[in-house]
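Undergrad: Residues per chain are reported as follows:
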Amino acid sequence: MTINTSKDKSRKYLNPYLGGVLLGLVLLSANFIAGRGLGASGAIKSVVATTIGTVNKDAIGTMPFMAEYAESHSGNPMKSWLVFEMFGVIVGGFLSGAVAGRLKLKVEHSPKISSRRRLIFALAGGILFGFGSQLGRGCTSGSALSGMAVLSLGGFITMMAIFGTAYALAYFFRKNWI
Amino acid sequence: MGPLAPNEIISENTNFLLAFFIGIAFGWVLESSGFSSSRKLAGIFYGYDAVVLKVFFTAAITAMLGLLFMSAFGWIDLTLVYVNPTYLTSAIVGGVVMGAGFIMGGFCPGTSFCGAAIGKIDAMVFIGGLFIGVYGFAFTYGWWEKLYLARYLGEPKISDKLGLSDGLFGLFMILVALGMFVVAEWAEKKFPREEY
Numbered sequence: 000m001t002i003n004t005s006k007d008k009s010r011k012y013l014n015p016y017l018g019g020v021l022l023g024l025v026l027l028s029a030n031f032i033a034g035r036g037l038g039a040s041g042a043i044k045s046v047v048a049t050t051i052g053t054v055n056k057d058a059i060g061t062m063p064f065m066a067e068y069a070e071s072h073s074g075n076p077m078k079s080w081l082v083f084e085m086f087g088v089i090v091g092g093f094l095s096g097a098v099a100g101r102l103k104l105k106v107e108h109s110p111k112i113s114s115r116r117r118l119i120f121a122l123a124g125g126i127l128f129g130f131g132s133q134l135g136r137g138c139t140s141g142s143a144l145s146g147m148a149v150l151s152l153g154g155f156i157t158m159m160a161i162f163g164t165a166y167a168l169a170y171f172f173r174k175n176w177i
Numbered sequence: 000m001g002p003l004a005p006n007e008i009i010s011e012n013t014n015f016l017l018a019f020f021i022g023i024a025f026g027w028v029l030e031s032s033g034f035s036s037s038r039k040l041a042g043i044f045y046g047y048d049a050v051v052l053k054v055f056f057t058a059a060i061t062a063m064l065g066l067l068f069m070s071a072f073g074w075i076d077l078t079l080v081y082v083n084p085t086y087l088t089s090a091i092v093g094g095v096v097m098g099a100g101f102i103m104g105g106f107c108p109g110t111s112f113c114g115a116a117i118g119k120i121d122a123m124v125f126i127g128g129l130f131i132g133v134y135g136f137a138f139t140y141g142w143w144e145k146l147y148l149a150r151y152l153g154e155p156k157i158s159d160k161l162g163l164s165d166g167l168f169g170l171f172m173i174l175v176a177l178g179m180f181v182v183a184e185w186a187e188k189k190f191p192r193e194e195y
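So the protein sequences, as listed, match chains S and W.
With numbering that gives the first Met the number 0 applied, the first sequence covers 0 to 177.
With numbering that gives the first Met the number 0 applied, the second sequence covers 0 to 195.
Treat the hints loosely; a few may be bogus.
Once the Cα atoms are required to be at most 25 Å apart in a straight line, the calculated PhoX-like pairs of lysine-lysine come out as [unchecked claim]:
#1 S/Lys11 x W/Lys145
#2 S/Lys78 x S/Lys111
#3 W/Lys189 x S/Lys111
#4 S/Lys56 x S/Lys111
#5 W/Lys145 x S/Lys111
#6 W/Lys145 x S/Lys174
#7 S/Lys103 x S/Lys11
#8 W/Lys189 x S/Lys174
#9 S/Lys56 x S/Lys105
#10 W/Lys188 x S/Lys11
#11 S/Lys105 x S/Lys11
#12 W/Lys145 x W/Lys156
Simulated from the structure, these hints should not be mistaken for lab results.
Only a predicted model underlies this, so the values are computations on that prediction, with no experimental measurement involved.
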């Protein structure tokens with residue numbers, strides 16, 4: 000792990016308010032071009048629907064949640080706006096990391112915990128987030144951020160539920176982070 | 000004029016191609032703001048790094064004001080823009096489950112892909128978890144269907160619910176965000192900021 004002085008770091012990362020304006024403009028472009036906001040978990044749903052459909056075509060019929068989705072994405076669930084967008088996110092993230100010299104294979108964790116503990120919590124957190132994103136019809140990007148931009152009541156509620164819960168539980172998981 | 004795809008000004012395939020470019024910009028901004036680091040993201044919950052709050056609320060306000068102005072200028076027909084439907088129960092319960100996932104895993108879905116793109120193994124494992132979670136929900140959907148569909152309110156706007164015009168609500172949001180930014184700057188100075 001490279002140790003930077005805070006002066007170095009502020010040069011390396013974008014000013015957060017500038018980053019926010021840029022992210023807002025990206026979200027605005029998405030709405031202007033596609034008539035919809037950004038998202039992430041929807042792309043995962045597409046991949047899961049495709050995988051289930053490929054492995055066992057009959058299985059999808061027995062799963063009403065996926066069957067509905069496959070019907071509304073007639074043809075190929077991978078041919079969805081969010082799937083193309085998420086491929087872009089991987090490319091964009093990689094390019095930004097490459098330019099800033101941040102490409103490095105590593106497990107990032109607090110020095111007070113082991114890599115193993117970090118990975119177990121990452122897996123558990125991912126499972127919960129994946130599950131919650133389906134129940135809540137979208138994640139931080141699709142439901143909270145994009146929903147707030149179009150003044151959706153549900154978007155504001157989901158945003159408050161996500162951040163409120165994380166704050167409420169922060170004390171119990173503090174060892175992982177501080 | 001806008002939105003372009005619903006107005007059939009651009010074709011479906013052009014829309015997909017532009018989705019890819021929008022994604023590149025999305026990923027670039029997230030990564031360069033530091034959202035590829037779980038320790039930076041989790042900082043908001045302990046006060047040592049408030050980058051999430053600053054970027055998230057600045058972005059929401061920028062996009063919200065942009066849409067309101069574009070609509071006022073007649074550049075975009077907001078009735079053709081997707082507004083997330085509100086299912087009150089699942090919006091809250093889903094958000095609570097996601098919040099627990101956030102504080103445990105340190106990422107949200109979008110940021111985990113950014114982390115994975117620059118080689119964070121914890122982000123890759125988080126993504127593995129996402130797939131398990133999505134599959135798990137689909138597999139057990141029968142158990143949650145009632146909850147998933149409960150208290151459907153249509154597609155209400157928060158401004159309508161509060162009895163405010165969109166513009167006045169926008170102003171209110173800006174003031175709330177400015178207040179939070181002041182607290183965030185104070186918290187970052189007060190709480191120790193470890194290097195990571």
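Undergrad: Taking the hints in turn, state whether each one holds.
TA: Checked hints:
Between the alpha carbons of S/Lys11 and W/Lys145 the distance comes to roughly 48 Å, so the proposed pair goes past 25 Å and is violated. A threshold of 25 Å between alpha carbons decides the hint, and for S/Lys78 with S/Lys111 the separation of about 44 Å lies outside it, so the pair is violated. Taking the CA atoms of W/Lys189 and S/Lys111, the gap is near 21 Å; set against the 25 Å cutoff, the hint holds. Distance restraint check for S/Lys56 and S/Lys111: the Cα-Cα separation of roughly 47 Å exceeds the 25 Å cut-off, and the hinted pair is therefore not satisfied.
A distance of roughly 42 Å separates the Cα atoms of W/Lys145 and S/Lys111; the hinted pair therefore is violated under the 25 Å criterion. The suggested pairing of W/Lys145 with S/Lys174 is violated, with an alpha-carbon distance near 37 Å, which exceeds 25 Å. Between S/Lys103 and S/Lys11 the alpha-carbon distance is near 16 Å, which keeps this suggested pair within the 25 Å criterion. For the hint linking W/Lys189 to S/Lys174, the alpha-carbon distance of about 19 Å falls within 25 Å, and the restraint holds.
Under the criterion of a C-alpha separation no larger than 25 Å, the hint pairing S/Lys56 with S/Lys105 is inconsistent with the structure, at around 38 Å. Taking the CA atoms of W/Lys188 and S/Lys11, the gap is about 20 Å. The hint holds against a cut of 25 Å. Using a Cα cut-off of 25 Å, the hinted pair S/Lys105 and S/Lys11 holds, with the two alpha carbons roughly 19 Å apart. The straight-line distance between the Cα atoms of W/Lys145 and W/Lys156 is roughly 24 Å, inside the 25 Å bound, and the hint therefore holds.
Figure legend: structure checked against the earlier numbered hints; hints not met, in rising order: 1, 2, 4, 5, 6, 9.
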